[in-house]
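K.L.:
The listed protein sequences derive, respectively, from chains A and B. To convert, note that position 184 of the first sequence is 278 in our numbering; the numbers rise steadily by one, no gaps. To convert, note that position 39 of the second sequence is 798 in our numbering; the numbers rise steadily by one, no gaps.
The reader is advised that the hints may include incorrect statements.
[Claimed, not checked] Derived list of chain B stretches under chain A, where covered just means 3 residues or more per stretch with a C-beta under 8 Å from a C-beta of chain A:
#1 778-789
#2 984-998
#3 1090-1103
Source of the hints: derived by calculation from the structure; they are not laboratory data. Quick reminder that beta carbons are idealized off the backbone N, C-alpha and C, glycines included.
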Amino acid sequence: MTEPRRAPESPTMEMTSNKEVLRRIEYTGDMLLNMGPQHPSTHGVINFLVQTDGEVMKRAIPEVGYLHRSIEKIGEKCTYNGFMPYTDRVDYIAAMFANQGWAMAVERLLGVEVPKRAEYCRVIACELNRIASHLISAGTMAMDVGAVTPFPYALREREFINDLLEELCGARLTYNYLRIGGVAFDLPEGYADKVITFVDHFEKILVEFNRLITNNEIFVQRLAGLAAIPREMAIDYCLVGPNLRASGVPFDVRKDLPYSIYPELQFEVPVGRGEMGAVGDAWDRFSVRIAEMKQSCRILRQCIAQIPKGETMAKVPRKIKFTEGLEAYSRIESARGDMQYYVVAGGGENAYRVKVRTGSFTAMGIIDVLSRGLMIADLVALIASLDVVAPEIDR
Amino acid sequence: MQGWIDSLIRGWGQDPATWPWTQIVYVAFMGLFAFIVINFAAITAGIFSWAERRVAARMQSRVGPNRVGPGGFLQWVADAVKLLTKEDLVPAEADNFLFRIAPYFMMVGFACVFVALPFSHRLVIADMNIGIFFILAVTALIVVGIIMSGWSSNSKWSLFGAIRSAAQIISYEIPAGMALMIPVLLAGTLSTQGIIRAQGGWPWQWFVFDNPATFAAFFIYFISALAEGNRTPFDLPEAESELVSGYNTEYSGMRFSYFFLVEWGNMWVMSALASTMFLGGWQIPGVSAAQLDAMTGGRAVAFELLSLAIFAGKTLFWVFVVMWLRWTLPRIRVDQMMNMCWKYLVPVSFAAVIFVAGWMLVVRAAPAVGTVTHWIMFLAAGVLPAAFFINRVARNIHDTGDKFDFTSNW
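Looking at chain A on its own, in the form it has when it is part of the complex (with noise of 0.2 Å):
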């Protein structure tokens, strides 16, 4: 027998149960306040159980599940192809992400190469999505910390995106853009012009918004120091993306282990200075984000100057079959930072197990922490600068 592993001395690690939490505010008179799973800031249906003593919080223990739909289970019952529609719905903040994590898995069970046009398609989808993202991300932060304007600015710039999108895959949120073995579609005729014409904007709307609210004295003032996690912790907590970054860490998928054609663009990786306050506090995970956007610009850019001609599909079986037992794993820069996929093949045409890592599922473990002796205004500042998405979270 070994010995049961033992979790890192923090003051997480207290084995109780939710239940037995509920029972021992009780006896402290302390209050219980449940922010959720309908409260409008808590980015979806998360419910967190939170132990206040006035304005100033104890604890706040995070409840998730309420938007739990089984989708690696799904991915079982589904065909490999048939499942691509379904990875939308991971993430469907960056529906992009997620169908590529899935394209690449299955692409190295069947050890298929994809051509480069596809790779270039994929990756400007890809910057454009997580452009987008952030920019969710941005504006309902600032709403969290109560300036509601940045974020139609914010969902404005969103729109051309989407825009963008449509016109390449014909979607708006869920894209199912991907294919194992390629992309869908190749890129629409003058898109790059378009491209070119939205990054040109863009840097412009992104001096603005840091104008707006990144500067902002108030803004800085309520985010500045606020649940700062150090670089340790942060690895400790397996935080991943921009929350880890912000922390001082640069890891970055697309650097470190590189896939697709991002070894052959040149971009930086952002990380977190404590420009405002401490390294790893809320405003750098906010500047990290608005930092990444930038270098999303510049791939784009790249991408677009780059772009070869040629096929968008490799030549991939219409039935795809794997003998069973053969296994494979992915993992890809999400805009929420390290996604994973791991697929286990079945004998037929579908896997036998499919497993997917999020960003968000690992910062919520964080928050339990860090919300001790924070006040009930930071929690939902906290909980926004770790951009948790609750489909991402629950899957």
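Starting from the known structure of chain A, fit chain B onto it as the hints suggest.
P.N.:
What follows is chain B alone, placed relative to chain A:
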């Protein structure tokens, strides 16, 4: 007011002193004016609700409500009708009596302010010698209504909103009161009309540019008024993203509409008070109050309307500023709100009061100092910031390539 009614009756060729039932006439007139004022307050609040939505829409590159009436102007009527016909729901666990009565407290506190609030040179319901004191006193009723509604709702979110607003409004009443004492010191009266008469029509004769302390006091008052009116950045009691809807979470229908009536009506109150106390009120540039008093006939009516327009113009400008702030700024946190009040506004307002007291002695000894300071303050604190602001706006417009478009999308 009584004198005004008397003069009206004399205008008809009667002598009120000889009437046996003059008291009844006075009461009837009072009732009429009370009716007019309540309706003025309600209609202003309604129109502001439309204006705020249109202004917000413009700021957020949306269109806003534009279906009901020209430019959507009658939207507020439609909303009022909708709210009146909705079910008046009282939660089962709520304290029925307090829950029902709370909105009236707010409404009364809000409507009473209009008694002492001037509108133009002659138009004021009661020019009391304790005008400002009365306004500060009745405004405090609003917080009673808020606490009542939050407590009686028996909901945790409502309770949070109520406790927040109790802390906020009571704290901010201190700097607001101290800041309002400064014009009172300068004018030597608590009467609102008296304070306006002590100022002049031109900007450099306003109290806001009287000396550095009054300039500070104006902003202290304005910030505190925002906080007392629960406007962003101080909208903590009804912080939507935190407390669902704060103290009015459980309300619906007409009672719910009362809360918003008071909130929007309060924008007029806070702005009218700011222009009364600091910005020269209804004073017409180039025409002194004594000249206005001496006017008769059609000329008097014309100038009366002009003074009304000037007062309304100043007030509406500050109403717009309040909306503008709401749709620009994020909300501050509870502890920051308290810090700001007790660590900055309260000490500064006390210091300003003492400074002004000393200043008045200096000006009495050497009146030339006062005149020079008016001009310096006007140029340094009025003209320069305005020029800077216009410059920045022009630069922003140039940078982003925005175009003015006030004509389309109505």
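K.L.:
Now look at each hint and say whether the structure bears it out.
P.N.:
Hints and how they fare:
As drawn, the segment 778-789 of chain B meets chain A at 0 residues by the rule of a beta-carbon pair under 8 Å; below three, the given contact is violated. Residues of the segment 984-998 of chain B lying with their CB closer than 8 Å to a CB of chain A number 5, which satisfies the three-residue condition for coverage. Look at the segment 1090-1103 of chain B against chain A: 6 of its residues bring a Cβ nearer than 8 Å to a Cβ of that chain, three or more, so the hint holds.
In terms of the numbered hints stated before, the structure departs from hint 1 and from no other.
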